[in-house]
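> Starting from the given sequences, assemble the full structure and let the hints guide the process.
There are 4 protein chains.
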Amino acid sequence: MIEKAILLAHCPSQEGIMFDITDFLYKNNAAVIRLDQHIDEDSNHFFIRAEWKLDDFAIPTPKVKEFFKTLVADKYQMKWHIHFQPNTPKVALFVSKYGHCFYDILSRVDNKEWNIEIPLIISNHEKFRPAAEKFNIPYYCFPKNAENKAQQEKEELALLADHDIDLVILARYMQILSQDFISHYPDKIINIHHSSLPAFPGSNPYKSAYIRGVKFMGATAHYVTEDLDAGPIINQNVVPISHRESISEMKRKGKDIEKVVLAEAIWAHINHRVLVYKNKTVVF
Amino acid sequence: MIEKAILLAHCPSQEGIMFDITDFLYKNNAAVIRLDQHIDEDSNHFFIRAEWKLDDFAIPTPKVKEFFKTLVADKYQMKWHIHFQPNTPKVALFVSKYGHCFYDILSRVDNKEWNIEIPLIISNHEKFRPAAEKFNIPYYCFPKNAENKAQQEKEELALLADHDIDLVILARYMQILSQDFISHYPDKIINIHHSSLPAFPGSNPYKSAYIRGVKFMGATAHYVTEDLDAGPIINQNVVPISHRESISEMKRKGKDIEKVVLAEAIWAHINHRVLVYKNKTVVF
Amino acid sequence: MIEKAILLAHCPSQEGIMFDITDFLYKNNAAVIRLDQHIDEDSNHFFIRAEWKLDDFAIPTPKVKEFFKTLVADKYQMKWHIHFQPNTPKVALFVSKYGHCFYDILSRVDNKEWNIEIPLIISNHEKFRPAAEKFNIPYYCFPKNAENKAQQEKEELALLADHDIDLVILARYMQILSQDFISHYPDKIINIHHSSLPAFPGSNPYKSAYIRGVKFMGATAHYVTEDLDAGPIINQNVVPISHRESISEMKRKGKDIEKVVLAEAIWAHINHRVLVYKNKTVVF
Amino acid sequence: MIEKAILLAHCPSQEGIMFDITDFLYKNNAAVIRLDQHIDEDSNHFFIRAEWKLDDFAIPTPKVKEFFKTLVADKYQMKWHIHFQPNTPKVALFVSKYGHCFYDILSRVDNKEWNIEIPLIISNHEKFRPAAEKFNIPYYCFPKNAENKAQQEKEELALLADHDIDLVILARYMQILSQDFISHYPDKIINIHHSSLPAFPGSNPYKSAYIRGVKFMGATAHYVTEDLDAGPIINQNVVPISHRESISEMKRKGKDIEKVVLAEAIWAHINHRVLVYKNKTVVF
Chain V
380 MIEKAILLAH
390 CPSQEGIMFD
400 ITDFLYKNNA
410 AVIRLDQHID
420 EDSNHFFIRA
430 EWKLDDFAIP
440 TPKVKEFFKT
450 LVADKYQMKW
460 HIHFQPNTPK
470 VALFVSKYGH
480 CFYDILSRVD
490 NKEWNIEIPL
500 IISNHEKFRP
510 AAEKFNIPYY
520 CFPKNAENKA
530 QQEKEELALL
540 ADHDIDLVIL
550 ARYMQILSQD
560 FISHYPDKII
570 NIHHSSLPAF
580 PGSNPYKSAY
590 IRGVKFMGAT
600 AHYVTEDLDA
610 GPIINQNVVP
620 ISHRESISEM
630 KRKGKDIEKV
640 VLAEAIWAHI
650 NHRVLVYKNK
660 TVVF
Chain D
380 MIEKAILLAH
390 CPSQEGIMFD
400 ITDFLYKNNA
410 AVIRLDQHID
420 EDSNHFFIRA
430 EWKLDDFAIP
440 TPKVKEFFKT
450 LVADKYQMKW
460 HIHFQPNTPK
470 VALFVSKYGH
480 CFYDILSRVD
490 NKEWNIEIPL
500 IISNHEKFRP
510 AAEKFNIPYY
520 CFPKNAENKA
530 QQEKEELALL
540 ADHDIDLVIL
550 ARYMQILSQD
560 FISHYPDKII
570 NIHHSSLPAF
580 PGSNPYKSAY
590 IRGVKFMGAT
600 AHYVTEDLDA
610 GPIINQNVVP
620 ISHRESISEM
630 KRKGKDIEKV
640 VLAEAIWAHI
650 NHRVLVYKNK
660 TVVF
Chain F
380 MIEKAILLAH
390 CPSQEGIMFD
400 ITDFLYKNNA
410 AVIRLDQHID
420 EDSNHFFIRA
430 EWKLDDFAIP
440 TPKVKEFFKT
450 LVADKYQMKW
460 HIHFQPNTPK
470 VALFVSKYGH
480 CFYDILSRVD
490 NKEWNIEIPL
500 IISNHEKFRP
510 AAEKFNIPYY
520 CFPKNAENKA
530 QQEKEELALL
540 ADHDIDLVIL
550 ARYMQILSQD
560 FISHYPDKII
570 NIHHSSLPAF
580 PGSNPYKSAY
590 IRGVKFMGAT
600 AHYVTEDLDA
610 GPIINQNVVP
620 ISHRESISEM
630 KRKGKDIEKV
640 VLAEAIWAHI
650 NHRVLVYKNK
660 TVVF
Chain H
380 MIEKAILLAH
390 CPSQEGIMFD
400 ITDFLYKNNA
410 AVIRLDQHID
420 EDSNHFFIRA
430 EWKLDDFAIP
440 TPKVKEFFKT
450 LVADKYQMKW
460 HIHFQPNTPK
470 VALFVSKYGH
480 CFYDILSRVD
490 NKEWNIEIPL
500 IISNHEKFRP
510 AAEKFNIPYY
520 CFPKNAENKA
530 QQEKEELALL
540 ADHDIDLVIL
550 ARYMQILSQD
560 FISHYPDKII
570 NIHHSSLPAF
580 PGSNPYKSAY
590 IRGVKFMGAT
600 AHYVTEDLDA
610 GPIINQNVVP
620 ISHRESISEM
630 KRKGKDIEKV
640 VLAEAIWAHI
650 NHRVLVYKNK
660 TVVF
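Residue numbers (my numbering), protein chains in the order written: chain V, 380 to 663; chain D, 380 to 663; chain F, 380 to 663; chain H, 380 to 663.
There may be inaccurate statements among the hints.
Since the list gives no way to pick one copy over another, a pair counts as held whenever it fits inside one copy or between any two copies.
[Unchecked claim] Cross-link-like lysine to any residue pairs, in silico, SDA-like; alpha carbons within 20 Å at most:
1. K454 x Y405
2. K630 x I412
3. K406 x K442
4. K586 x N658
5. K567 x V488
6. K432 x S627
7. K432 x E420
8. K659 x N616
9. K432 x S422
10. K632 x E643
11. K383 x Q464
12. K491 x K513
13. K491 x F514
14. K513 x V488
Please keep in mind that the hints were generated in silico from the structure rather than gathered at the bench. Just so we're clear, the structure is a prediction, and the values are computed from it rather than from any experiment.
Shown next as structure tokens:
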């Protein structure tokens with residue numbers, strides 16, 4: 380696998396940013412594979428993602444971040460990350476009683492579609508322990524109620540820390556995480572909600588959609604923030620429905636949208652394609 | 380044009396309804412062109428639309444409704460209508476300052492895509508008088524404010540009554556109609572809202588969608604009820620968007636969705652394809 | 380599980396069919412769960428699917444087919460089937476070197492989303508034997524070349540016969556089946572083709588789509604007939620693409636479309652929702 | 380209206396291009412509104428579109444092209460254009476017997492959605508002369524047959540030349556243009572084809588789609604080249620269909636897709652967003 384660097388950065392738009400970034404890259408002999416930039420017209424904010432090969436890059440890999448900081452980032456008060464590849468992110472998978480996203484994610488890893496490692500699965504039910512065993516992944520069950528929630532989360536966090544988890548995926552995990560939990564993984568917890576947010580937040584969105592008589596239903600993958608179902612949206616998709624779809628049929632069709640929407644969001648995240656700004660995302 | 384009858388009916392589902400309806404049709408020699416029925420599983424409610432040629436039908440046209448009432452409808456406490464064609468519905472077109480739906484509707488009539496007559500256009504602005512004149516349609520301007528609204532609506536209603544209006548289309552008409560006005564045209568006023576309801580009701584939905592960072596935007600055509608933007612949805616459509624769409628770009632793209640969504644809803648209505656039940660629609 | 384009957388039938392449209400069918404159902408006290416009918420205007424052909432509960436049905440289950448034949452089917456020269464449920468269809472899964480549909484199907488069965496049994500997997504490669512073992516399904520490998528193809532197919536057919544296979548799924552199986560093989564399973568072999576047919580039949584459709592510069596790509600699930608990629612289409616779906624998608628990105632996105640399109644086709648088939656007529660399908 | 384320049388350029392990808400372009404822009408004080416670039420991975424070809432304000436730009440407008448040529452374009456053997464705005468392109472509209480795209484385009488201009496001028500309409504039928512008169516646009520009718528085609532095209536070309544036409548729109552113009560005609564307007568003739576090309580080229584695509592039993596139908600806007608329906612695709616869209624759509628219903632729904640797909644392609648063209656390379660487009 381080719382060694383690459385991926386820059387993700389954003390800052391208030393100012394003249395000269397693109398010049399300084401291309402200067403940084405091309406003067407140092409970067410073989411740019413892909414470069415995407417965007418200026419949000421309404422907030423006049425600048426976003427960039429650059430991906431380049433490291434083999435002939437003039438700056439030694441351990442110095443790349445320092446040089447970028449000095450030469451570019453500090454000049455523009457950037458928020459930025461540089462990621463190096465190959466790298467295998469460590470992902471914790473949370474699931475409750477709906478298995479479609481859970482199976483889909485395990486299948487993609489087993490089928491080598493994604494370069495991630497899932498060192499553990501966490502659930503509040505025992506239901507999917509046999510499935511986890513099929514895929515040889517440790518399964519931890521933390522049933523939760525109002526009383527034990529804080530303690531259980533503490534143990535979950537300890538496990539995540541032990542495994543150096545980079546990303547938490549809530550694959551239809553039916554528990555609301557505490558603000559404390561969320562604060563440990565800012566923009567690193569991805570949830571799938573089974574409606575086209577902001578329509579139908581909270582529980583039972585299919586029933587609500589059925590009652591309202593909408594002609595489209597959908598799913599939303601978003602980063603988890605302390606505001607329920609209100610975090611930055613990474614990906615959405617929808618399908619047309621009509622009077623012919625009962626609630627059970629909506630649930631059935633919804634599973635396919637949910638798993639594909641979530642998978643695409645995960646793929647964007649692990650490939651460092653997502654920038655978060657003002658509770659929104661730029662997905663390059 | 381072939382003479383046809385179109386039955387629209389719904390009632391609580393009971394065994395025998397379909398039998399009695401097909402009995403009514405086939406024993407009387409109806410040449411059925413199209414027959415759609417639906418049972419809503421959750422409310423156990425029955426819906427039907429039947430379209431048949433009248434030339435060999437055994438029941439004389441003036442007696443069709445009476446016979447259907449006696450033989451079928453009364454037996455099942457149906458809500459029902461039988462419409463005869465050819466028939467040219469009379470449509471009043473309301474517009475304010477956005478012309479895309481307005482031009483689209485006039486074009487479809489001028490291009491003979493729809494069999495409707497538009498005897499008048501009503502607006503609260505003078506802006507589209509020249510366009511109305513192009514299409515030779517009388518244009519009435521009723522500017523509205525808090526004080527004159529009741530009086531202006533009274534005059535509008537008088538005009539609609541004078542012209543035997545069957546359907547009112549709000550083609551981005553930027554005034555909220557009073558409950559009194561609406562009560563004159565139940566399930567006969569179609570509005571186009573520029574979002575995928577129930578997301579972003581009210582004003583400025585494109586800006587709200589932009590701020591929320593959704594990845595799909597849409598439009599909704601619905602019957603107007605006294606609850607703002609909450610009437611039965613007839614038709615919706617959506618398009619994917621990304622960070623690349625500014626608010627002005629969203630507005631530009633939205634125009635195309637709005638006009639097509641509204642047109643499809645009008646087409647369904649004038650072809651007697653829409654049944655309303657529990658603030659929802661069945662569109663056959 | 381409630382015992383149900385499902386009728387699938389089609390014949391040239393004649394007056395009285397619907398009457399006779401509803402007569403058959405309602406005179407015999409059928410509790411109809413769902414009834415869909417369709418008249419194809421261009422060929423004047425009639426299609427129906429009816430699903431009803433058997434518990435209070437006046438005709439004893441072993442006599443249902445005979446009665447329907449005498450009272451209805453023979454009168455109209457119908458092509459028809461009546462299926463009884465509960466019933467667990469036996470499905471053979473064929474796979475080669477792409478695992479996304481394969482894993483998806485196994486996951487749905489393991490997750491109890493579908494009521495089917497997969498007694499065996501057939502492949503021309505060893506690649507997915509470990510995955511099959513995870514799911515405890517016997518895996519048979521029949522490598523094929525020009526010389527051994529006839530013999531290998533013979534052995535495959537013997538295995539299918541031994542297991543009373545009802546449906547064959549080609550989950551990206553990269554071998555063309557012989558006409559003889561196909562003739563054993565008419566309208567019972569479902570293939571997934573990775574383009575929106577009739578565009579880009581044959582091999583390498585993603586590359587062809589890339590070269591042509593299309594703005595949409597898709598996948599097609601169809602029954603296999605002796606004409607390659609030309610059998611009756613059961614289901615299709617598409618996604619927008621642009622210059623930004625490389626061939627490898629198209630392949631990646633294509634996997635999600637393929638697996639969902641194939642799964643929906645399988646679901647329609649196993650729920651007896653598909654009628655085939657003139658190389659086309661009616662999917663109720 | 381702000382004075383702007385828009386650069387469209389492409390060339391084989393080489394290191395340093397982006398640097399030289401940003402150097403050209405930022406060293407000369409360009410206020411960049413939008414900058415899009417793309418590297419096609421498979422052909423290793425570079426594409427760019429940059430849009431910047433001219434008011435503080437250091438290079439005087441009459442010198443911009445010369446400077447860009449010397450400083451950048453010649454160095455990389457670029458194909459390039461720089462367009463200055465405000466500018467009102469002159470568009471010739473061709474129509475035959477289907478009016479939906481025709482009315483839509485005239486409406487957008489009348490409604491000031493597009494900044495174009497339509498100095499003339501050309502048709503091979505008289506049908507839309509009254510509509511053209513509504514919009515006060517001269518209408519020229521050139522009926523064509525095998526014998527007079529060359530002569531009629533000559534007269535059409537003379538008219539287009541007289542009016543300094545920048546773009547020809549074939550709004551369902553049902554005549555095939557000669558290679559000679561096409562050669563006068565390379566990548567400047569946009570056609571709308573009523574199928575999702577490459578499926579169903581030629582005449583009667585809706586009927587062909589109906590016969591094949593596809594589950595999606597669509598429309599394609601493309602530049603006209605000498606190969607019929609095979610030019611670079613600018614825009615496509617599709618809608619799901621089922622057995623329920625008759626050919627006439629497909630035609631009805633198709634009109635809405637056609638007009639929106641064509642309009643979006645025209646908008647992209649007149650806003651200088653389209654680059655053509657190897658019979659494909661990059662649409663920024």
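> The structure should be examined with respect to each hint, and the outcome stated for every one.
Now for the hints, and whether the structure bears them out:
1. K454 x Y405: both (18 Å within a copy, 16 Å between copies)
2. K630 x I412: Answer is between; shortest inter-copy Cα gap is 19 Å, intra-copy 41 Å.
3. K406 x K442: within (15 Å within a copy, 28 Å between copies)
4. K586 x N658: between (27 Å within a copy, 15 Å between copies)
5. K567 x V488: This pair counts as within: shortest intra-copy Cα distance 19 Å, inter-copy 31 Å.
6. K432 x S627: between (49 Å within a copy, 18 Å between copies)
7. K432 x E420: Cα proximity of K432 and E420: across copies only (14 Å, versus 31 Å in one copy).
8. K659 x N616: within (16 Å within a copy, 23 Å between copies)
9. K432 x S422: between (32 Å within a copy, 18 Å between copies)
10. K632 x E643: both (17 Å within a copy, 9 Å between copies)
11. K383 x Q464: This pair counts as within: shortest intra-copy Cα distance 5 Å, inter-copy 40 Å.
12. K491 x K513: Answer is both; intra-copy 16 Å and inter-copy 16 Å each pass.
13. K491 x F514: Answer is both: 13 Å inside a copy and 17 Å across each meet the 20 Å cutoff.
14. K513 x V488: Answer is both: 13 Å inside a copy and 14 Å across each meet the 20 Å cutoff.
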